[in-house]
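Given chain A, put chain Y with the ligands in place with the hints provided.
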Amino acid sequence: MADISSDFLGIKSPNPFWLASAPPTDKKINVLRAFEAGWGGVVWKTLGSQVKNVSSRYSAVDFNGTRVMGFNNIELISDRPLQINLDEIKECIRLFPDRAMVVSLMADNDRDSWHELIKKVEDTGAHGLELNFGCPHGMIERGMGAAVGQDPEIAKMVVEWVMEKATIPVITKLTPNVHSPVPAGKAVVEAGTNALSLINTIQSVTGINLDTLVPNPNVGGKSVFGGYCGPAVKPIALKMLTNISQNPVTRKVPISGIGGISTWKDAVEFMLLGASNVQVCTAVMKHGFRIVEDMCEGLSNWMDEKGFRKLEDFIGRSVNNITHWEELDINYHHIAKINQDKCIHCGLCYIVCEDTSHQSINIAKGHPYNTYTVKDEECVGCNLCQLVCPVTDCITMEEHRVAPEYVNWKDYQRLGLPLNDH
Amino acid sequence: MSITNSRLTAAEYHENFSDIHPPFENHSAALVEANRCLFCYDAPCTKSCPTGINVPKFIKQITTDNIKGSAHTIFSANIMGGGCSKVCPVEKLCEGACVFNLMEEEPIPIAKLQRYSTEKAIGNNWQYFERKPSTGRKVAVVGAGPAGLSCAHVLSREGVDVTIFEKEAKGGGLMTYGIAAYKVTPEFCEEEVNYILGIGGIEVRYGQELGKNISLEELRKNFDAVYLGFGVGVARQLDIPGEELDGVVDAISFIYDIRTKGYPAVPVGDKVAVIGMGMTAIDAATQAKRLGAKEVTLVYRRTQAEMPCTEAELNIAKLDGCEIIWLAAPKEATGENGKVNTLTCNLMQLGEPDASGRRAPVDTGQTISLNVDMVIKAAGQMPFGDLIAKNSLNNNKGKVAINEHSSTNIPGVFAGGDCVNGGKEVVDAVQAGKEGAASILEFLFYAKPQSS
Ligand SMILES: Cc1cc2nc3c(=O)[nH]c(=O)nc-3n(C[C@H](O)[C@H](O)[C@H](O)COP(=O)(O)OP(=O)(O)OC[C@H]3O[C@@H](n4cnc5c(N)ncnc54)[C@H](O)[C@@H]3O)c2cc1C
Ligand SMILES: Cc1cc2nc3c(=O)[nH]c(=O)nc-3n(C[C@H](O)[C@H](O)[C@H](O)COP(=O)(O)O)c2cc1C
Ligand code: SF4
Ligand code: SF4
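Read top to bottom, the protein sequences are chains A and Y. Those letters in the first sequence? Residues 750 to 1171, by my numbering. Those letters in the second sequence? Residues 6 to 457, by my numbering.
Quick caveat, the hints were computed from the structure, so don't treat them as lab data. Treat the hints loosely; a few may be bogus.
Within a straight-line C-alpha distance of at most 20 Å, the following computed DMTMM-like cross-link-like pairs (lysine to aspartate or glutamate) qualify [what the hints assert, rightly or not]:
1. A:Lys905 - A:Glu865
2. A:Lys914 - A:Asp861
3. Y:Lys323 - Y:Asp24
4. A:Lys761 - A:Glu840
5. A:Lys935 - A:Glu913
6. A:Lys1114 - Y:Asp47
7. A:Lys1091 - Y:Glu110
8. Y:Lys402 - Y:Asp368
9. Y:Lys175 - Y:Asp229
10. A:Lys1086 - A:Asp1125
11. A:Lys1091 - Y:Glu111
12. A:Lys1091 - Y:Asp47
13. Y:Lys344 - Y:Asp229
14. Y:Lys62 - A:Asp960
15. Y:Lys299 - Y:Asp325
16. Y:Lys266 - Y:Asp255
17. Y:Lys62 - A:Asp1104
18. Y:Lys299 - Y:Glu316
19. A:Lys1086 - A:Glu1126
20. Y:Lys217 - Y:Glu173
21. A:Lys869 - A:Glu913
22. Y:Lys137 - Y:Asp229
23. Y:Lys73 - A:Asp960
24. A:Lys1091 - Y:Glu109
25. Y:Lys137 - Y:Glu447
26. A:Lys761 - A:Asp1062
27. A:Lys1001 - A:Glu939
28. Y:Lys276 - Y:Glu328
29. Y:Lys65 - A:Asp1104
30. Y:Lys65 - A:Asp811
In silico contact screen, one side only, chain Y against chain A (beta carbon under 7 Å); selected entries [unchecked claim]:
31. Leu36
32. Asn40
33. Leu43
34. Cys45
35. Tyr46
36. Asp47
37. Pro49
38. Lys52
39. Ser53
40. Ala102
Ideal Cβ positions, reconstructed from N, Cα and C, are used throughout, including at glycine.
Chain A with its partners taken away, still in its complex shape (with noise of 0.2 Å):
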């Protein structure tokens, strides 16, 4: 059997399933009842400056009768005292040893501060630390959290003051609302930061109330932007981190992912594009604890099925597939083909080529079933009709290579190969 066990930094877990910084992780009660059921560590909720809460603090986007596909929170970092989330976070390091503990941080922005919550933090025996530098709210107007990330001269001044002080490994939290992740990656990973993690939230207006006209969360008829996450962030902190593992600067410390994972499949695609383990805050604040059971089984079967014995052997193995769109060969193309003892004769492959792509799916009017083809010339292999598909595997896309050999955008103009000629 595989074996599933993660070393980040020398951090030690059963698993690479670590709950991020957020209100599952934000005391004893809920890091103990975590680790009962299974997760390999948490990441305690972001202690530092002294906040105040509003209620209500979260809303959801929710998609075709399926709630929270995107969450939203307006919440601040722990706004309980800084004393008593000491003195849980070091009984929960007593009751379970073999789980990592980081601590994540957001002091005010003055060394001193920083110094002063390093030293109380590492006096709990806690693993780590984690700079919370993503906050896209209430923070953020303080001058901390995004506002750090966002701005890499500042982030890099923050995390030289804490490597002065740190004992215990650092990893940085990038924020996903800037361009991109790198600049400000860069300057911490030159700073000295041990590891980076991403993505912290997105900024975004979930959805307005259409009687009260109030955008949600309603805070007494008004709303703020808040900080986006769950399942429709993933694809975007996807590429975040592909980002970060493909910058020759960034791509020498180790990545904790995070953004929109709920199983292991989604931990495994982090993995494959180079994070070395994975956070999940979203998934359980929509399931509880729960879902780590099948995460961890899921894994390690998919590792047996694959041939994989630890995760080293899969990690980062899909960096070097996402390239740059002038190197992808012009030449591969392939056709859909529909199965017709699968097809259900919906109409929807129809509908959408023939409305919004290239008109290139043939209509046999039939009563009360019509048949579907694929006009084989027409195709342009561009899978919308296969994505829209309801039925598994009705539709293929199969492989007609337009020729043999490999031929690039850029061998295309040097080639004088034609253009525009579909």
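Positioned in the frame of chain A, the structure of chain Y with the ligands alone reads:
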């Protein structure tokens, strides 16, 4: 053994005749099903609805919280979309064609969703259609059943002044007087008729019977056009000895009594035989059982493969505990003191296909006798042959003959629904009414003047 009424308590009647297809409990329940719909293109469900309701559209509108729009989509194709959602034999119409069947999955409960939207619309009296200013043209409609009402509604929208002549005291036709009581309530039927008439411009004259109080000549004289939607009549005679005995009754009258007199007032036997295997036979059998009959046996001269009712209907009868004897044709009814006590049937076997394409039953020479105190005849309905012949209407075995423009042989006289097709479904009659109205509008406003 005897035929008696008031067999059950009020609570038992209530239980036996409560809604056979209950509605969604709440919005969330409706949403779960609505969200399953794939929003098919050129959807098979729509193509299998005789009125062509845009099913994917109205279901999608439920998911976007646009219930008003959803009901509008339904009513624009079928003004009786509310009633249809309760009575359509959907397993052979829309739901039978739903693509989920091809994945061996439960089809989308289209009728239940249709009921969800239309009940809200009728309950709130959302009126979608505004009558155009009166054109001064007048049309007479005979029969306030689904065909007549649907025709009248379309005509009124276009500013035609419509007068409906209806022989009964209420509208709705067989919806009100024929369909099983556990599918629609009298209150709903009345509400639906009122909702349809809510557009205005339609006057209904109840208690007016063509051939009795009024004549076709009068109507032709006083109106610019006439639409005939008078349906079909009582159950077909069996033409067997003993048919005149007490206790041998016609299914249509039996059901009419259930729908009009109240359950306790309707007498039913201990041992009931029902002849036929169509929708009417099933309805008569199940309702006899629900009125408290001890044994109900359906007798049919062919096999399950040829039966006209759907599998779902048959299952209702079976679940109600009705027995079925296949391949048995009634030979004679006998009795004592004028009251039936035995039904004798010839046992049949299947021979060569007949005109309907179904294998014809052939007598084997053997017989069986059933001990009964009531026989309900439900072997098809009889068209109003006399009325049709007396008025010189071309017909096909008593069914009014029309051309592709819903027109009879008499200029300006149109027809549709059961009186033309011999008895199909409500939804077919609604469609016939729409088509009739379209032809009448063409006739009134666009056709060249005819010399009569
Ligand atoms: C027992 C039974 C059960 C059925 N169950 C179903 C079912 O579950 N689902 C379904 O979809 N369909 C069912 N049907 C069929 C459905 O009821 C009919 O197809 C539909 O009602 C036909 O509509 P129509 O307007 O053509 O005729 P009708 O509904 O028969 O309406 C005709 C109207 O004309 C009136 N009329 C008749 N003669 C005259 C006259 N001389 N002058 C003035 N008015 C006249 C009648 O009183 C009636 O109101 C059932 C039918 C029967 C008999
Ligand atoms: C209610 C809530 C509070 C959060 N608070 C913090 C926080 O205090 N510190 C922090 O670094 N991230 C915080 N986050 C961000 C999460 O740690 C995580 O980065 C983000 O939710 C993306 O992961 P997910 O898609 O699995 O939820 C919070 C998220 C939520 C939903
Ligand atoms: S009217 Fe009847 S057949 Fe048509 S969609 Fe509604 S339930 Fe189905
Ligand atoms: S066939 Fe079924 S899935 Fe498709 S549109 Fe109709 S109800 Fe929806």
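>> Checking each numbered hint in turn, tell me which of them this model violates, lowest number first.
In response: Going through the list in order, the structure violates hints 8, 9, 13, 14 and 18 and respects the others.
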